[in-house]
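Visitor: Chains as they are written, first to last, in numbering that gives the first Met the number 0: chain A, 0 to 502; chain B, 0 to 163; chain C, 0 to 187.
Just so you know, the hints here were simulated from the structure itself, not pulled from any lab data.
Do not rely on the hints blindly, as some may be mistaken.
[Said to hold, decoys possible] Distance windows between CB atoms, simulated:
#1 A:Val215 with C:Asp33: 34 to 42 Å
#2 B:Lys114 with A:Pro2: 16 to 24 Å
#3 A:Val215 with C:Ser47: 27 to 35 Å
[Said to hold, decoys possible] Subject to a maximum C-alpha distance of 25 Å in a straight line, what follows is the list of computed DSS-like cross-link-like pairs (lysine-lysine):
#4 C:Lys127 with C:Lys93
#5 B:Lys101 with C:Lys104
#6 C:Lys67 with C:Lys114
#7 C:Lys93 with C:Lys125
#8 C:Lys104 with C:Lys125
#9 A:Lys29 with A:Lys111
#10 A:Lys208 with C:Lys93
#11 C:Lys2 with B:Lys114
#12 B:Lys65 with B:Lys114
#13 C:Lys67 with C:Lys104
#14 C:Lys93 with C:Lys114
#15 A:Lys361 with A:Lys110
#16 C:Lys107 with B:Lys114
#17 B:Lys101 with C:Lys107
#18 B:Lys114 with C:Lys93
#19 C:Lys140 with C:Lys119
#20 A:Lys30 with A:Lys361
#21 C:Lys119 with C:Lys93
Note that CB positions come from ideal geometry on N, CA and C, so glycine has one too.
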Amino acid sequence: MLPIEQFPVLVVAISLLSALTILLAGWLNKKSCFYISLATITFQFILSIFILRHVLTVGTIHYWLGGWRPPWGIEYVVDALNAYVLIIILFLSLLAAIYSKRSVEHEIDEKKLVTFYTLFQLLVTGIAGVVVTGDLFNMYVLLEVCSLAAYALIAAAGGRALKASYNYLVMGAIGVCFYLLGIGFLYSVTGTLNMGDMRLLLPALYGNKAVQVAFVFILIGLSIKCAIFPLHTWQPDAYTYAPSVITVIISTAMAKASIYALIRVIFSVFTVDFITLFAPIADIISWVAAIAMIFGSILAIAQFNLKRMLAYSSIANIGYIMLGVGLSTSTTLGLTPALMHILNHALMKGCLFMAACGFIYKADLRDIRDLVGLARRMPYTCFAFLLAALSMIGFPPSVGFVTKLYLIFAALDAGKYIFIAVIFFSTLLMIVYFWHVIEIMYIRVEEKGEKEIKVADAPMSMVIPGLVLAVLCFIVGIIWLIGTPMPLMDAINSGLGLGVAVP
Amino acid sequence: MSLSTEKRIQERDVVIQTIAKLMIPFIQLFGLYVMIGTEGAGGGFQGGTVLAASFILLVVAFGIDKGRMKMPEGWNAVFKSLGLYLYAGVGGLLCIIFSLGKAEYLNYCAIPLAKIIGGPATRGFWVGNIVEVGIGVTVMAAFVSIFYDLVRKEESVEEGGAEE
Amino acid sequence: MKKLHLLPTVALISVILLGAMFVWVVEDIPAFGDPNSPPNRYVPLPISIDAEGLAGSLDAGVVPAELKTKIAEIGYTRENHFPSLEEGNYKIDKTEEGWDVLIMKEEKYYPGPEKWYFIKEDSGGKLKVYRYSIPVRWQDKTEEETELPNMVTSGLADYRSYDTMYEEAVIFTAAISVIMLLRRREKL
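For reference, chain A alone in the conformation it holds in the complex (with noise of 0.2 Å):
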């Protein structure tokens, strides 16, 4: 066992461990928690890298905990998809963590805090404990970690955002019930809990109705958790009324951690030859995708507060996502375009929640209307908030351009045309409600009646982790572009069975 293999239990173990520290060393002195937690975050990132490098040169790591071999205990797989969205999820909590030192202290309660920062930590083990996991029941529970500390974080703003967290905490808990009982049929009818024993047991059980009906009980449930059209309801609140780094990290890491779950449980448990079996599947996920990006869209237009706005069009790029993985099967590109939007609508979104909550920070500015000539006073945040809108709209060549490209080539390799019309329109809306943004932060001046804004710039720690994602929303544009990243998505789509990139 090479010490490098340890590595994806030592992500998940050591951050546990350093909750509990911040509980205790918070408690003894306040100012330490922050430090313990930027600390024990970037520690997990640089090993994350080095599980990056690992898997992509010598092959997947497979891990039996506690020495015991699958089924009879639990497995960790690491191969190139855990890998690649691990370093995505803890990249942007590394980035979450240094912004929220300032931006903590000024919203939360001073006597909220270390519990606030243990939380925060226990949510960061929840969602990397999801990634790397090879086993269902293992992925149950760390999903229930992450989701209980993201209701309590929430809820800790107060006022509007109790309710908005309860609201989630109902949904969230059926959609994890909803899962579960999805394990239960599924374990009833074959006896294991492990992703690869399981893999090679259902084919011979398709007709089974328990495996039918388990199917779309894990689809709901993983669902309502990723905030797919119809079961979003509680997104919108739940990002408005959330403290700021919490809609940051929320958004961003935990979205894509859902999201990961979702993939991992059709492509590699239930393989591909299943879906393509019951045909419908793929084109009814395609179309609520579709639907979702159209409606998405079209409800941000008609938003008057930032943070709401924004909600909006997460849910309408987690229909780009869906759309890319209900084209998947009938493409060579596979699962690329979806990947894509992964880290991309990761980079973008961050950055966008990081520049409207630096408006709050500053001046309270929760409405569009009040940002009238905003960039004269604060040029860095609305810098990066224009670069992340340009790259959202789909500019040459930032990382929007990107995946837009590549799902126009899907839809064309499928066959299935109107999705080019579907992406148009979307970006067309796109453009209305954030230009709408853009222009009255830097062309309106304001008028005679109107209150002038004077406030300086946001303060260094939270400014500077916007504009790092805002320049990398370009440069890995032009990296997808060159084509790097590559051999990683033909390595992901070949474990799973999908086709090759096209060069």
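Since the structure of chain A is already known, use the hints to place chains B and C on it.
Guide: Below, chains B and C without anything else, positioned relative to chain A:
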């Protein structure tokens, strides 16, 4: 309230207090038995709940202030972390450290005790006495802490830190 | 005229539909007390070949080549990190119902043989292959491998102890959430 009602409440209080004084040590002993005994049904979660029930009986019989004297809220935070440290840290990380990275995360055979009494006996000892105790302590502290937060009176905030 | 309340009606209809779906599904789920069902004992693999001369080969302790190729076709090979039936990696025990194939577990501290496949000859002259599932090892070997006489405790705290650790972390999270949201005094 009339005098006879107050007197009746006083008598009822005395009965409950005496019974509680007799019962609480036995409930705690039973909770420890459920937690550590590996022959019968039990385990960490169940034993921790019974131990927490004894503290709740203390609060019901004697009032929240006496209960906070017996189990202060600061100790609750320490016990919560201690339980999970026993499980994840001592039960897990030591297995990796003592075998120099060769054994897996919760592989209890890798502890040096296994060289003295053998692998299976180490696992039995470790599970029954360290892992389950770790679970039980955390569960007890969590339940007692949640109960204290729900029972707390409003006026204790203005009194300040008189009772610590 | 009495107003038709929308929400309870929709909730009632959806609960009834969910109940109907459970009744429809339940006929394909094995019964709870069935001692030979997949969660309790073994799960059938989709292999069924004629038992012409193969019974003698199994009695002698060698798995015949046709069975090996069929099992490898399903996917239980060494590339997928499952134990494969190479020479010296397995042995066969004959019981009154059929043949137990035991494989070398290759674990770090308990590398010995363990029941993995079960081959039975049924009335139609065909060989059927089953795969033993989790509780068979937990029930038989709990006293010998973990010195805990209770299978539930050893299953929760030894074989699958990682899940129990995170269940405990959930309780910890719940207590910290209540502290954060409901505590009104200044110190922790």
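Visitor: When you check the alpha-carbon spacing of C:Lys119 and C:Lys93, does it fall within 25 Å?
Guide: Holds: C:Lys119 and C:Lys93 sit about 10 Å apart, inside 25 Å.
Visitor: Check the hint pairing C:Lys67 with C:Lys114 against an upper bound of 25 Å on the C-alpha distance.
Guide: holds (17 Å)
Visitor: Are the Cα atoms of C:Lys93 and C:Lys125 separated by 25 Å or less?
Guide: OK: C:Lys93 and C:Lys125 at ~17 Å, within 25 Å.
Visitor: Given the hinted pair B:Lys114 and C:Lys93, is their Cα-Cα distance within 25 Å?
Guide: violated (36 Å)
Visitor: Given the hinted pair C:Lys2 and B:Lys114, is their Cα-Cα distance within 25 Å?
Guide: violated (76 Å)
Visitor: Are the Cα atoms of B:Lys65 and B:Lys114 separated by 25 Å or less?
Guide: violated (48 Å)
Visitor: Is C:Lys67 close enough to C:Lys104, meaning Cα to Cα at most 25 Å?
Guide: Holds: C:Lys67 and C:Lys104 sit about 18 Å apart, inside 25 Å.
Visitor: With 34 to 42 Å as the target window, see if A:Val215 and C:Asp33 comply at their CB atoms.
Guide: Violated, since A:Val215 and C:Asp33 (Cβ atoms, about 25 Å apart) do not stay within the stated range.
Visitor: A:Val215 and C:Ser47, beta-carbon distance inside 27 to 35 Å?
Guide: For A:Val215 and C:Ser47 the Cβ distance comes to about 30 Å; the hint holds.
Visitor: Under the criterion that the straight-line Cα-Cα distance not exceed 25 Å, is the pair C:Lys93, C:Lys114 satisfied?
Guide: Distance ~12 Å between C:Lys93 and C:Lys114 Cα, so the pair holds.
Visitor: Given the hint that B:Lys101 pairs with C:Lys104, does the C-alpha gap stay at or below 25 Å?
Guide: holds (17 Å)
Visitor: So if I understand the rule, the pair passes when the alpha-carbon distance is 25 Å or less; does C:Lys127 with C:Lys93 pass?
Guide: holds (15 Å)
In summary, the structure is inconsistent with hints 1, 8, 10, 11, 12 and 18 from the numbered list given earlier, while agreeing with the others.
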